[in-house]
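Take these sequences, add in the hints, and give me the full structure.
Which chain is which? The protein sequence lines are A and B, in order.
Going by the working numbering, the first sequence opens with residue 1, and the numbers climb by one from there.
Going by the working numbering, the second sequence opens with residue 307, and the numbers climb by one from there.
One or more hints might be untrue.
Stated by the list, open to error - Footprint (simulated), chain A over chain B, 3 or more residues, beta carbon under 8 angstroms: (1) 460 to 472; (2) 486 to 498; (3) 511 to 517.
For the record, the hints were derived by calculation from the structure and aren't laboratory data.
Heads up, the beta-carbon is just placed ideally off N, CA and C, and yes, glycines get one too.
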Amino acid sequence: MRDAFVRVLMRKAQENPRIVLLTGDLGFGVLKPFWETYPDQFINCGIAEQAMVSTAAGLARTGRTVLVYSIGNFPTLRCLEQIRNDCAYHDADVKIVCVGGGFVYGSLGMSHHATEDIAIMRALPGVTVYAPGDPWETEAVVPVMLSQPGTCYLRLGRGNEPHIHEGPIQWQQPKAIQLREGKDVCILSTGGILTEALQASVLLDRKGISTELLSFPCVKPLDEETLLQLFERFEHVFTLEEHTVVGGFGSAVAEVLSGTGLPCKLHRLGMPDIYSTIVGSQQYLRASYGLSAEGVYQQVLTSLGK
Amino acid sequence: MRKEAGDPILEYREGKTYTQWVHAAFDDTHTPIDTSDPRVLAWLIRRHGLEMTHLSRGSHIASIFSVAEIMAVLYARVLHVDPHRPDWPERDRLILSKGHAGAAVYASLAERGFFPVEALRYHYADGSHLSGHVSHRGVRGVEFSTGSLGHGLPVGCGLALGARMDHEDWYTYVVLGDGECDEGSVWESALQAGHFGLDHLIAVVDHNHMQSLDFCENTLKLEPFDQKWRDFGWHVLRVDGHDTDALEAAFHACKSHRGSPSIIIADTVKGKGVSFMENDILWHYRTPQGEEYEAARRELEAHRP
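Below, the structure is given as structure tokens:
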């Protein structure tokens, strides 16, 4: 996803010289092609995320689209008030880009686990929140984000993720993308954990549980139209995210379900409301919290009483 | 920009409108009000500051008083801004980073013609846009909203970077509080602006030597304050922040300086202009009411320029 992002950004930066990329001294080996090709559209702000985000707001007010790049919680939690006051309240054309959503930096410890970012960013009025599921979704989302006015948050995974979709996709904000049709249960996934969701749905199908799968590259605004149809069609809907179950994607879906009066049972799969005190690879930590394909499969079976 | 468009202009006090009441010291002697004179504008900022915090039972009168000459010199003599075109692309930008003194911005803008002076009576009022901390939403001429400290300088840094990338010649001015310089983001930005050599960024510190609970030096020591900024790569000037001529000269010196950002450390007195408020920490939050309001008004009116 990271590399797809840089690829699209380079193309867009060539078309539009008013695109500027700021980094908080991160992106070695990732952003290098950008700063070598567009040195006049690139600023390393140093390890100073608060000032970087305010600077981005100031730059945006000179008629620019400003991307702010960092990893984990640094471009969000470290400078949250700057995003709220300086960017969002001023409708600043600032795009916050996080590499390392979820457990990408799992071995580095809780400081680097981005597991509350969706909840926090989507709570800010005026901020659009994207979490594409694979490199193809990233390629589709980035141009949409760049043409979206105002402040946005883009939650990416890492480099070298598997391509889930078979090729480039056409995407209209905020549409959910259907990957599999099913009739028994439905899994809604956001972000890079889509790969686990896909494998889990294959396992469920093999078990005789016909599973529908959709990816939600956009968490705010949510594709409520599709959600309402799904709540009508399915008795059991599962949300999956590499994030705690507090306030994130699952909560956003629950907000849509509440008040519909529909009997649909919503099951939110994610990290419990804790900080991970153990470390490990992304795969290891996903499995530890029941979010691997097998874990999701088991959780679905348990929820269905099977 | 009254609270509601079409609101009638109401009597404010003793048969006068708000504007007539605040301008009485001039009007009663048939003296024209020349807001291009920074001494006149500074007096008006204080007079409005007193009235607005009295009316709203608001805080921060002492901060409004300490920054009065700085704002007055900027709006009367330094800033290239046009009340008829608040979004004029080549205008200078001003951010009041110590947003709690927002009444000083509102008063300056109103007196310089950005919106009717009468609107100032709606400071803090229910349904009004004139928030205690300065807001750009719904207030003509406000460049940027502040209120949380430590935001203005880095935003100014971004504006100055943008101007330089566009080869524009307009300047960005940021007014900081000294207590605000406790915030780490101020120093992040000091590093950045120094590193990038942003010579069209001019900061001013309203150095009234006090913050919310105590003197700055008793809270977190700032001295040697000048040297800190020099060490961060800034061009530093230190002036009497109530001397309008010295301030104006300092701004012009900063404008002609090249290669690094400039900062004017303006020594001021918190509560300046009303003897019993000066250098008394009480007046960071206390609101002028009753006899204290009357005494402050009398003292200001006795000393109008």
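Hints and how they fare:
1. Coverage of the stretch 460 to 472 of chain B by chain A holds [criterion: at least 3 residues with CB-CB distance below 8 angstroms; count 12].
2. Residues of the stretch 486 to 498 of chain B with a Cβ under 8 angstroms from some Cβ of chain A number 6, which satisfies the need for three, so the listed coverage holds.
3. Counting residues of the stretch 511 to 517 of chain B whose beta carbon lies closer than 8 angstroms to any beta carbon of chain A gives 0, which falls below the threshold of three, so the coverage claim is violated.
Comparing the model with each numbered hint stated earlier shows that hint 3 is the single one that does not hold.
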